[in-house]
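Engineer: Chain residues, written in single-letter form:
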Amino acid sequence: MAVAAVKEKIASQLQDLQKADGSIDPEEIVAIVESIVDSIEGDMSADGLKVYADIEALALYINTARAEIADLRPDDINDEHLPAATDELTAIVGATEQATNTIFEAVETIEALTEKMPDEVADQISQAVTSIFEACGFQDITGQRITKVVTALQKVEEKVEALLNAFGDDIKRSDRPKKEPEKRTTTPSGAPARPDEDLLNGPQMPDEAISQDDIDALFG
Amino acid sequence: MSTVDMGMPILIVDDYKTMLRIIRNLLKQLGFNNVDEATDGSAALQKLRDKEYHLVISDWNMEPMSGMQLLTEVRADTKLKELPFIMITAESKTENVIAAKEAGVSNYIVKPFNAATLKTKLSAVLGNF
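Heads up: the sequence lines are chains A and B, in that order. Going by my numbering, the first sequence opens with residue 1, and the numbers climb by one from there. Going by my numbering, the second sequence opens with residue 221, and the numbers climb by one from there.
Hint data in this document are derived by calculation from the structure and do not stem from the laboratory. Hints are not guaranteed to be accurate.
[Claimed, not checked] Calculated lysine to any residue pairs in the SDA-like style (CA-CA distance at most 25 Å, straight line):
(1) K339(B) x K148(A)
(2) K339(B) x D196(A)
(3) K248(B) x T130(A)
(4) K248(B) x D54(A)
(5) K339(B) x P83(A)
(6) K148(A) x G227(B)
(7) K339(B) x A128(A)
(8) K248(B) x E108(A)
(9) K313(B) x I210(A)
(10) K313(B) x E108(A)
(11) K313(B) x A128(A)
(12) K321(B) x D196(A)
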């Protein structure tokens, strides 16, 4: 093949690669590398030999990486591991909610009985009941924290899916059908689904949150 | 002497039923017994337009209409714009509090909270009781 034709072919392949929307097939890279190698004809200089060796090493590296990723069974991450983790976390929220409601039922029964108690005892019971209600706020907070973790897992799921698409079917060893991704809280373009989405940070870690006193200070 | 009407109708808004129950019971402990509930901003807005309430206590992060959106709607409504509105939320970043204050919130309580904090904030908004 004439040098000009080879250059034109390789340029065309590189242009196709540039047009890929983030999902580059490693096979395409290998094909381009092979085109370059095939174009090298005749006696090669020392520099030419080095370039040839580097290109060959690059092709080998890509194939090895693909094989190693396949061994990790990335399809299992989306098919089994992430859904299982999400289910477990959802179950935790459900279990704590159920337990909290059971506590409420018991406490409300105790509180109703205070009407039949001497005032001094009833006051002490009421204070204890109030403390229990305050403490049960944990269910709301843990629920929101777990929801944040589930959202993070969904992001990981998206990235793994993109990786699987980039490396093609040969690393998808499983024949199991893919699960549809969960509903996202953002639009496909990444824009917030609600006007105040960018302000919704959820419960903060203690060193990142401001105190009630700080909030009071903001209110002057 | 207390000038607060302890029988005033109060609307509490939260998508977690356990939190609604906690706030209702804490309000009961403080002497407020006329309490209605809603589980998101749009349901709350409908209730506010159907019945006269003297106070709204709302969570922020709810679907489909958040507490912030509810606050904005309330402040934009000629009949509701003066309604006392307390936000009780886990959203505890400074930017959240400032945004809520700029939107016209009457006071702001961070979860988890206790009955004493609730009483203090109610007093600040309604007067001592």
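Engineer: Now tell me, hint by hint, if it's right for this structure.
Structural biologist: Against the structure, the hints:
1. K339(B) x K148(A): Violated, at about 30 Å.
2. K339(B) x D196(A): Not OK: K339(B) and D196(A) at ~29 Å, beyond 25 Å, violated.
3. K248(B) x T130(A): Between K248(B) and T130(A) the Cα gap is close to 10 Å, so the pair holds against 25 Å.
4. K248(B) x D54(A): violated (77 Å)
5. K339(B) x P83(A): violated (43 Å)
6. K148(A) x G227(B): violated (38 Å)
7. K339(B) x A128(A): Since the Cα atoms of K339(B) and A128(A) sit roughly 17 Å apart, the hinted pair holds (cutoff 25 Å).
8. K248(B) x E108(A): Roughly 11 Å between the alpha carbons, so the hint for K248(B) and E108(A) holds.
9. K313(B) x I210(A): The hint holds at about 6 Å.
10. K313(B) x E108(A): Not OK: K313(B) and E108(A) at ~34 Å, beyond 25 Å, violated.
11. K313(B) x A128(A): violated (31 Å)
12. K321(B) x D196(A): Between K321(B) and D196(A) the Cα gap is close to 14 Å, so the pair holds against 25 Å.
When the structure is compared with the earlier hints, violations turn up for hints 1, 2, 4, 5, 6, 10 and 11 and for no others.
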